[in-house]
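Q: Once you have looked at the hints, place chain B on chain A.
So the sequence lines, in the order shown, correspond to chains A and B. Just so you know, the working numbering puts 35 at position 25 of the first sequence, and the rest follows in order with no gaps. Just so you know, the working numbering puts 1245 at position 153 of the second sequence, and the rest follows in order with no gaps.
Because the hints were derived from the structure by calculation, they are not lab data. Be careful, since some hints might not be right.
Said to hold, decoys possible - Mimicking EDC-like on lysine to aspartate or glutamate, the simulated pairs with C-alpha atoms at most 16 Å apart in a straight line are:
| no. | chain 1 | residue 1 | chain 2 | residue 2 |
| --- | --- | --- | --- | --- |
| 1 | A | Lys179 | B | Asp1095 |
| 2 | B | Lys1138 | A | Asp110 |
| 3 | B | Lys1139 | A | Asp110 |
| 4 | B | Lys1268 | A | Glu47 |
| 5 | A | Lys179 | B | Glu1165 |
| 6 | B | Lys1195 | B | Asp1095 |
| 7 | B | Lys1201 | A | Glu47 |
| 8 | B | Lys1261 | A | Glu48 |
What the hints assert, rightly or not - Ranges of calculated distance between the beta carbons of each label pair, as one might list FRET restraints:
| no. | chain 1 | residue 1 | chain 2 | residue 2 | range |
| --- | --- | --- | --- | --- | --- |
| 9 | B | Val1208 | A | Ile171 | 38 to 48 Å |
| 10 | B | Phe1104 | A | Met65 | 29 to 39 Å |
| 11 | B | Ser1111 | A | Tyr36 | 22 to 32 Å |
| 12 | A | Asn142 | B | Arg1094 | 51 to 61 Å |
| 13 | A | Phe141 | B | Tyr1250 | 19 to 29 Å |
Glycine included, each C-beta is placed from N, C-alpha and C at the ideal position.
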Amino acid sequence: MHIPDGYLSPITYIPSYAVAVPLFAYGLKKLKQELSEETLPFIATLTALSFLVMMINIPIPGGTSGHAIGAAAIAILFDPWISFICLSLVLLIQSLIFGDGGITAWAVNSISMGFVASFSAYYSYKFLKRFNKGIALFISGWVSIVTASFVIALFLGIQPIVAHDSEGKPLFFPFDLSITIPALVFSHMVYFGVVEGIYTVLVVKFVEKLKLSLTKGVQNEA
Amino acid sequence: MRDKVLFFLYIFSVIALTSIHNIYFFAVSILLFCFLAGKDIFSILKKSVLSILVFNSIVSISYILYSIFKGTEWIDYVVLINLRVFSLTFLTFLFIEKVNLFKALSFSKTLTYLLVLSFSQILMFKKYFIDFKMALKSRTIEKPKQRELYNFISTVFYFFLNKSINNSKEISQAMKSRGFFND
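This is chain A alone, in the form it adopts within the complex (with noise of 0.2 Å):
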């Protein structure tokens, strides 16, 4: 899902950091706020497991599979806080070091993929739960990976009419939002929305047999 560099526009990038960077900083000074000095390791740590979940491809029914972003599991494990920083120092991470994503996308894949993945899985599983804690997980995941997808489609959709020639070409990404979101959307929503829901059941439940003591998230509230 992450946008590479090259398909959005500055009138699109810029006012992007200037939404993600004091997005960024907020978090990194409350979770200060709350964690004190352990707060660099364990973001540092929990970068890299997010880093990793990437990495690991979840095969669902049907023969095919994968790979989850884990955004729902650690915002409903520890904090939607602590979520989003990590996805976005992964983003950082894979964009600088490994040159994997754009940089100047990093601001738009940061709010999509962190933040809206974050705090939508978050809210979801919070007002869920109640009813059934396993469906409510599945459906957490799921809507984490839509809504950012459906983000990540507004903001590419955008390009051919805010950046264009004087003849109406398209400069960055050429396809508009009637294209887009049906495509981007919908294949997450029967595909990658079903391996994030899966992959947030599996490990959370697992977690919580363990009865692994975590910082603090919807786990600990209940």
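A: Same frame as chain A, but now just chain B:
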């Protein structure tokens, strides 16, 4: 200082490469980057092509088909977007190759420590994960069933979750004992 200057030069170049829409500008930029790459040119070329191949192919082919269907011209856009993405990707790999990123980002102490710590943990976790995969492969003759793969994923995740928590405590104590938090 050199790394910081190069970092800001990189950011400036990225903004320029996304603000100018002339294919000759991209062609000259790519030639310049190739010259700056020196002996690393082929490894950076290879990494850049591999990195953009899938996404660019999907977008370019889709756009060509879409344009043919609509009866519009497509060549200008396809050349422009491929040159733009390639130049940006080549520039990023060139930057990674020539600049110490941790020094370049040292204007923020917190960000530098987070990047250094995260990156070192990522390298360690990657190595462990490869070991896990090889262990599974060496112990299974037939393709593992879905249920077995789910168990494997849960166990691997639990191992790394545990390791994350324990490592963070160890690192925190190590940093504390070296006076990091008193600075």
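Q: Against the range 22 to 32 Å, how does the distance between the Cβ atoms of serine 1111 of chain B and tyrosine 36 of chain A compare: consistent or not?
A: At 29 Å between Cβs, range holds.
Q: Taking only the CA atoms, is the gap from lysine 1201 of chain B to glutamate 47 of chain A under or equal to 16 Å?
A: Holds. Lysine 1201 of chain B to glutamate 47 of chain A sits at ~14 Å (cutoff 16 Å).
Q: For the pair supplied as a hint, lysine 1195 of chain B and aspartate 1095 of chain B, confirm whether the alpha-carbon distance does not exceed 16 Å.
A: With a Cα-Cα distance of about 6 Å, the restraint between lysine 1195 of chain B and aspartate 1095 of chain B holds, given a limit of 16 Å.
Q: If you draw a straight line from the CA of lysine 1268 of chain B to the CA of glutamate 47 of chain A, is it 16 Å or shorter?
A: Holds. Lysine 1268 of chain B to glutamate 47 of chain A sits at ~8 Å (cutoff 16 Å).
Q: Taking 19 to 29 Å as the stated bounds, is the beta-carbon spacing between phenylalanine 141 of chain A and tyrosine 1250 of chain B within them?
A: Roughly 27 Å apart at Cβ, these two residues keep to the hinted range, so it holds.
Q: Taking only the CA atoms, is the gap from lysine 1139 of chain B to aspartate 110 of chain A under or equal to 16 Å?
A: Answer holds: lysine 1139 of chain B to aspartate 110 of chain A is near 10 Å, not above 16 Å.
Q: Are the Cα positions of lysine 1138 of chain B and aspartate 110 of chain A separated by 16 Å at most?
A: holds (14 Å)
Q: Does 38 to 48 Å hold as the CB distance between valine 1208 of chain B and isoleucine 171 of chain A, or does it fail?
A: holds (41 Å)
Q: Given the hint that lysine 179 of chain A pairs with glutamate 1165 of chain B, test it: the Cα-Cα distance must not exceed 16 Å.
A: It holds: about 9 Å lies between the C-alpha atoms, which stays within 16 Å.
Q: Measure nothing beyond the straight line between the CA atoms of lysine 1261 of chain B and glutamate 48 of chain A; if it is 16 Å or shorter, mark the hint as holding.
A: holds (7 Å)
Q: May I ask you to test the hint 51 to 61 Å on the CB atoms belonging to asparagine 142 of chain A and arginine 1094 of chain B?
A: holds (58 Å)
Q: Hey, lysine 179 of chain A versus aspartate 1095 of chain B, does the alpha-carbon distance stay inside 16 Å?
A: Given that 16 Å is the threshold and the Cα spacing comes to 38 Å, the pair is violated.
Hint 1 alone, counting from the list given before, is not met by this structure.
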